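The residues making up each chain are set out below.
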Amino acid sequence: MLVLVLAATGLGVFLYKALALAVPILPGDKTSHWVAEIRATFRGLGDPIKLSIHMPRNVGHFMLIDQQFVAPGYGLSTRSIQGNRQATFSIRQATGEQNIYYRAVIHRGPEVGAPVSEDPPRLFETRFESRDQVAAQAVVEQAKRESADPETFVIALLRALGPASGMNAEALLGSNPTPRKRSRLAAQLLALAGVAARPVHGVRLPVQKAEAGLVHWLEAHLGTAWQPFSLETAEPQIPEDYMRWWHGDNPLVRLEGGEALRHSLAVERITESAVQTVVSTGLKRKSSLFAVSLFGLPLETQQVYRVLMPVTLAVLVIVFFRNVVGVQTFGTFMPILIALAFRETELLWGLFLFSVIVTFGLAARFYLETLKLLVIPRLGSVLILVILLMAAFSIVTHRLGIERGLSVALFPMVILTMMIERMSVVWDERGAREALTQAFASLLVAVFCYLIMTLAVVDHLLFVFPELALVLLSVTMLLGRYSGYRLLELRRFAVLAGRRP
Amino acid sequence: MIFALARRLRDAGVIGINARNAEFLLRYNQRRCYRLADDKFETKTAALRAGIAVPDLYAVVEFPYQVRDLPRLLGAYDQFVVKPAGGSGGDGIIVITGRTKNGYRLSTGLLMSPEELQFHVNNILSGTYSLANQPDKALFEYRVRFDPVFENVSYQGVPDVRVVVFLGVPVMAMVRLPTGASKGKANLHQGAIGAGIDIATGRTLTAVRGHDVVEEHPDTGVSVSGLSIPRWDELLTLSARSSELTGLGYQGIDIVLDRDKGPLILEINARPGLSIQIANRCGLLHRLRQTERTAGELAEIRQRVDFAKRHFGAHGRPDEAGRFAPSDLSADRYL
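Here the protein sequences come in this chain order: A and B.
Take the first sequence: its position 321, counted from the start at 1, is 321 in our numbering, and no numbers get skipped.
Whatever position you read off the second sequence (first residue = 1), add 501 for our numbering.
No wet-lab data here; the hints were simulated from the structure.
Mixed in with the good hints, there may be bad ones.
Examples of chain B residues toward chain A, derived with CB under 8 Å [to be verified]:
(1) A520
(2) A523
(3) G576
(4) D759
Bear in mind the structure is a predicted one, so any value in this text is a computation, not a measurement.
Virtual Cβ for every residue (Gly too), placed ideally from N, Cα, C.
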């Protein structure tokens with residue numbers, strides 16, 4: 001029962017995280033996110049300076065993971081104005097070339113939230129020259145005739161301002177109609193007709209390699225909420241890779257007090273491990289599951305658990321080897337410690353070091369036997385000898401220029417000492433063969449544990465989904481009730497099954 | 502293939518370590534009872550109190566300062582056995598068969614100086630041979646002079662009879678004969694011979710050494726099957742009785758046959774090994790289950806011994822493969 005609860009809990013949390021939170025199951029998964037950087041360069045004239053930069057907010061499936069401001073010496077304040085977020089850098093006095101950076105790290109998640117902000121509808125500021133006023137009215141009237149409700153009205157109006165625009169629209173747009181101009185004009189015309197609308201500016205964050213840059217569209221308030229409209233297609237929908245940045249008439253960057261302002265917006269797509277992304281977005285979202293996850297820990301502690309969590313699987317492996325296969329090892333969980341040491345030394349080298357130390361230690365132990373020492377002092381002596389051996393080994397290999405030899409220091413020497421002691425007792429009492437068999441079995445299991453613990457999948461799964469350890473616990477408990485034969489017993493008892501051994 | 506083998510073993514009633522632990526030790530042996538079996542000193546004092554026959558205890562050494570007193574403590578004895586109270590598998594046992602001018606003579610024929618003996622005792626005290634290296638006691642006791650029946654089938658050491666007693670019923674027995682390879686120790690995994698015993702008659706059946714079936718003792722060349730264990734009924738009664746001593750439901754009782762004193766309890770094992778199944782060429786499970794079913798009706802020691810003799814004997818001759826068919830199992834079940 002308890003086993004079921006444990007297994008169900010572990011699997012449940014695992015599945016929830018894997019499916020609902022889209023935590024990747026395989027370590028190789030990479031996701032993309034984008035770094036959008038605004039760089040503003042201007043010259044200070046020795047007067048007070050105020051530089052405002054529009055910042056994006058979490059919108060639609062885009063999420064801000066991180067923001068950085070680089071403006072040495074400037075004071076920084078952020079505020080919201082009519083649904084726009086703005087950062088203002090200010091300084092009492094600045095001369096010469098100034099550089100200010102704003103950087104946003106943006107992640108694109110699977111969920112689709114409200115694509116626009118929730119602020120109340122407001123008519124866009126409209127002031128037409130009298131000459132334009134007539135043309136504007138004409139365009140509005142035309143669109144009104146071709147529409148049935150506010151939505152189709154917006155669509156009709158955007159069509160009218162599109163590439164195949166009529167005379168009136170052309171007159172309003174001027175000789176060089178940029179998308180920005182078009183969105184502004186559309187908002188103005190809609191205001192004329194009493195529809196709240198505004199030009200919206202965003203960046204394109206392409207998944208595939210494609211040009212990224214500022215894009216513009218329109219948002220109209222259709223009674224209940226703001227609705228985006230594409231300028232190109234006039235549809236009430238914008239491409240998925242458009243991220244809203246700010247709206248309104250104001251420029252992205254505005255400077256007061258300096259001169260020669262130039263600004264650029266650069267978007268770069270970077271790839272990192274998917275886990276990192278999910279975790280940083282999760283932490284951002286204050287998801288309680290992430291709050292209790294290992295990712296909330298300081299990086300150094302995380303490293304410790306990266307090593308420790310796979311041990312839970314190694315424990316299961318040991319239980320399996322001992323109770324189902326029937327392998328005898330020195331010390332129940334000693335192979336895990338050896339395997340942990342192998343992690344640092346790497347396998348072959350670790351095996352070599354281990355054999356050398358145990359061999360020398362055993363020789364020393366046999367010599368000590370002739371001195372008739374009491375047990376604890378003898379154990380102590382072996383321990384000291386083991387440490388000296390390790391030191392000597394490190395020195396020799398260092399002299400020879402083999403830096404790997406230094407990693408010998410990572411072996412758990414107390415465990416090695418106990419192993420040497422037990423091995424020598426077994427050697428005395430049961431013979432060399434038994435001792436060597438058990439030592440070999442211990443090493444074999446250790447190697448197996450090592451191979452399992454170093455599998456990238458295991459490492460990833462258990463670290464990212466620590467709840468899987470509950471599943472391991474339940475399996476271990478189940479094995480605790482396994483009363484079948486051990487694999488090696490089958491050979492031992494084979495004679496009883498009517499077969500010649 | 503593995504599963505077929507496992508199924509045949511299961512049909513034959515062979516139990517493995519997991520089954521022994523899960524179905525019998527954990528179920529019938531209470532933790533607090535283990536101490537009495539694991540500590541030979543406790544076993545011995547309890548046995549003496551209950552009037553159960555054990556080898557005489559000459560001396561106990563518990564603290565290192567007592568080691569210097571050894572010559573005085575042992576002055577009266579020429580022959581004795583030193584064993585760790587918490588030892589397992591026969592480790593750490595030394596048999597002294599006599600004294601020389603400046604030391605002891607071991608059963609192996611080697612000599613041991615008093616200093617070496619003291620060193621050995623010190624090792625025992627500091628836990629070299631005990632489980633988990635706990636501090637231990639060293640026992641000095643009567644050296645059994647084994648019954649002449651074993652004269653030709655054992656090499657050095659003392660042969661003993663291991664009886665698995667379940668709920669007070671002697672379920673299976675074997676005699677363990679030391680060999681040169683086992684260095685005089687009566688432990689199967691050290692190379693001693695194990696010969697199954699017909700519970701009904703006390704006669705030895707086939708014998709095994711390691712994984713091999715053997716007919717003769719490798720050192721003496723004398724056949725080891727067909728031996729009659731003397732005072733068999735007495736031995737069975739002793740084992741049935743002593744099971745009450747520890748309160749353990751499932752235990753292995755090691756009994757030696759002394760030339761003069763008859764069967765003596767050497768030690769009680771709370772986790773008896775499973776090799777006895779190989780020596781008897783018969784699985785334990787069916788016998789254990791049968792005992793489990795009827796044990797409630799068997800209050801008296803007599804009844805339990807009779808029950809065992811009636812059901813767990815190996816009547817008849819060995820078949821062409823050299824195996825005996827136990828009476829309580831149909832031939833097809835016993836492959």
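Comparing the hints with the structure gives:
Taking 8 Å as the C-beta cut-off, the interface hint given for A520 (chain B) holds, the closest approach to chain A being about 4 Å. Given the 8 Å rule on beta carbons, the hint for A523 (chain B) holds: about 4 Å separates it from the nearest Cβ of chain A. Using the Cβ-Cβ criterion of 8 Å, the hint placing G576 (chain B) at the interface with chain A is not satisfied: the shortest such distance is roughly 23 Å. Here the hint on D759 (chain B) is broken, as its CB sits about 26 Å from the closest CB of chain A, past 8 Å.
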